[in-house]
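Colleague: Taking the hints as your guide, dock the two standalone chains into a single complex.
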Amino acid sequence: MRLQRVGAHIVLENAGVSLGGQTILRGLSFSVAPSEVLGVAGPNGSGKTTLLRLLATLVRPDEGDGRVLGAALGTAEVYPIRSQIGLVGHIPSVIGELSLRENLEHATRLIGGDLSRIEPALRVVGLDEAADRKVEASSYGMLRRTEAARLLITGPKLLLLDEAFSGLDVDAQELIDALIARTVGNGGSVVMVSHDAAHLGRRAGRVMSLSAGRLETVS
Amino acid sequence: MSFWDQALEIARVDLRIERRVGDVLRIILPFAVVALLVFPLALGVDLSAISRLGPAVFWAIGILFGMQVALRQAANDRTERRDLYSLLGLDPAARFAGRSLSGSVLMIGFLAVLLVATVILYGPDLPAGWPGPVLIGLVLTGIGLTELGTLAGEVTAGLRNRTALASLIVAPLALPLVIGGSQTLESLARDAGILPWLLLLVATDLALAVAGVALARPLEEASR
Chain A
1 MRLQRVGAHI VLENAGVSLG GQTILRGLSF SVAPSEVLGV AGPNGSGKTT
51 LLRLLATLVR PDEGDGRVLG AALGTAEVYP IRSQIGLVGH IPSVIGELSL
101 RENLEHATRL IGGDLSRIEP ALRVVGLDEA ADRKVEASSY GMLRRTEAAR
151 LLITGPKLLL LDEAFSGLDV DAQELIDALI ARTVGNGGSV VMVSHDAAHL
201 GRRAGRVMSL SAGRLETVS
Chain B
1 MSFWDQALEI ARVDLRIERR VGDVLRIILP FAVVALLVFP LALGVDLSAI
51 SRLGPAVFWA IGILFGMQVA LRQAANDRTE RRDLYSLLGL DPAARFAGRS
101 LSGSVLMIGF LAVLLVATVI LYGPDLPAGW PGPVLIGLVL TGIGLTELGT
151 LAGEVTAGLR NRTALASLIV APLALPLVIG GSQTLESLAR DAGILPWLLL
201 LVATDLALAV AGVALARPLE EASR
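Going down the list, the protein sequences come from chains A and B. Last residue of the first sequence: number 219 in this note's numbering, and the count goes up by one each step with no gaps. Last residue of the second sequence: number 224 in this note's numbering, and the count goes up by one each step with no gaps.
Everything labelled a hint here was simulated from the structure, so no lab data went into it. Values in this document were obtained by computation on a predicted structure and should not be read as measured data. Be a bit skeptical, because a hint or two may be false.
[What the hints assert, rightly or not] Beyond 12 Å from chain A on every Cβ pair, some chain B residues (computed): (1) M1; (2) P40; (3) A214.
[What the hints assert, rightly or not] Computed beta-carbon distance windows for the label pairs: (4) A:G185 with B:T79: 28 to 34 Å; (5) A:A178 with B:L175: 43 to 49 Å; (6) B:V38 with A:S139: 44 to 50 Å; (7) B:A211 with A:N14: 35 to 41 Å; (8) A:R214 with B:P30: 54 to 60 Å; (9) A:S139 with B:A60: 23 to 29 Å; (10) B:I27 with A:A137: 17 to 23 Å; (11) A:P34 with B:L64: 54 to 60 Å; (12) A:E119 with B:G109: 34 to 40 Å; (13) A:P43 with B:V210: 32 to 38 Å; (14) A:E119 with B:G193: 56 to 62 Å.
Virtual Cβ for every residue (Gly too), placed ideally from N, Cα, C.
Bound conformation, chain B alone (with noise of 0.2 Å):
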């Protein structure tokens, strides 16, 4: 079976499981949209304040739970499961990208509710033409949090505390994604140009990719 058709069966089955067990879906999404609500009480009644927090707001929460999304499959990847792969042959660099994939897909429909939410709930002030600009950001920036949070869960594969390992290595080298994610959206609100933040953002979802394929490998047999 080739590379992608592997990375494409392991996306498939992670997708089936989150539709039945709905980490996403069921348990992250509504908290973050929660603690979006909760925000704006802690600024009163200032409305102009209020939206134009309203893109810094969307950042700090859709990275902080976008970080359960990237995690959740670390979370639940068993020795049992790992030894199964191995043993079926299963290429860790296609696993890699079958998981990237679809946390990717789950990552990119979690940020782009948060966003609808975020326009709804704070009104933001952007200039017209933004969805696509932003969804171009959104998407690159969900890719690289998927990357990375695959690549964490990779490395700490077989530890004990390895969520919480995972999680803070993932928060410091997440950062060039932050900064290029919010930076789109700041560079859109200040009608100044968004290109040298979505190539930030392309040039860490390759590094990213590269090293999770790369090191797939090495990490599996070094996480026994």
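Looking at chain A on its own, in the form it has when it is part of the complex (with noise of 0.2 Å):
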């Protein structure tokens, strides 16, 4: 592979990607250093869920060359390093037949992980006193709690945040941006995409504007 930019987390080099006989992205071109935060503001549609599923090496890209924390996307070299990957997507990735705590227990021992960790992921997220609440009982705002607590136990070395903010309160937020602190501070990368570009431009260290699958640099 010709992508050489050594020690960088993300590599893209005129990556694209289809689905459905469509195409999404196209010639996406950028590097992510470690301990950098990237923001990629665009409008509904413009792919930018699509891109943060290529990063997480959920989709493969149909041209170009990526690697991410130096595997070679599309390849088996993918695998071993997703567990490094966390990606807090649209919808909260919980079982919603379990209750909080029981959705952080059950990905720790996936991990196999320690469990005398849940309890203060719990108390750092406030949800200490409703942990034991079921998924279905539960608000927008708890779930990505739960969420960010998960990452807190998993801590990624490469944070995904797809319109991670949208619909929190104040204290829900301000618990994202210290997620987004601590992966940095810990040598990891994070990249954040929203519709609200202003909102990415105050955390993020360079915004890079997505529109009809190709990317441009704004800041």
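Modeller: So this is what it looks like as structure tokens:
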């Protein structure tokens, strides 16, 4: 592969993605260094979510090359690095029939983690009193806090945030900010996408604009 | 975390969810028992015919409703959950093994209750000492059906109308299991050997297990 930017967490070179016969992303070339926060702004339907799924190794590039955490996209190299990626998508990734605490226990057991980390994480996200509530009886903000607690436990090296601030109160937004700071502080990197360029500008070191599947540097 | 630790965790959570939601216990099983109850009405009062048809009705209803037990996970498997599992580093083969394990527990329990109901309602003519061999056949059939359902769920993941498609995949491929399971009972009733039929069931179960584990990763990647 031609990609040689040593140490970068993300390197894309003319990467493109098509889904259902339709081109969603094309000609994407950029890199993200360790401890960097990249913001990608774009209107609905511009391909932001697909970009994050590409970086999360959950979709393959149909054209071009890419590496995430050193693994070549579209190859078996991505399987072992997936557990170092944290994705906060549009829909909270929780199992509806379990309680918030059970969701965290399940995730912690699957990664072979220490169950004693759950209580401190619940306290940090402010869910220690409501942890036994079922997912279906929890608010959207509580589910987002549960995801934040899970990310505190798993400690991803690459954090991908998809409109992660929308629908959250100020406290929850501060929690996501703290998660970003913690990831960056540990040498990880963050890519966040939103339709709101202003809020990306406040948090990201660099902001790019995505329009009709193509990227442009804004700041 | 080892393969089996992950598989057992998936099975544990799946059984916990079933305990809360009760797809099998509260929905599928009662309907299956009602179907067993209703069937003799079509045969009138010919008690010997009812007794003779008992095993066949058991397998017909067991396979029909058992497919719903086998496919219940596929119906509940959302993209977000699959993505979450991928990003937690869950081995897709461990997920297949875990789901097959929990599904088998439910399937065997389902078929066992149905068998007891069949014996009570139909009074089939079975030789002494039938419960042991029948139970072995039932366990092997249950495991195979669950593996098949789990595999069909993986094949159809990410597709529209996946539940309907999965049923269409399971129905013809369940044929060796239907034959093996039904012939075990038939052979017992005729006092003939059941070993060939048990071996057919074992071979089918093993083939499905190997296919499920080997295809888990490619199927997961292809579903995106």
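Colleague: Broken hints, numbered, in rising order?
Modeller: Result: hints 1, 5, 9, 13 break, sorted rising.
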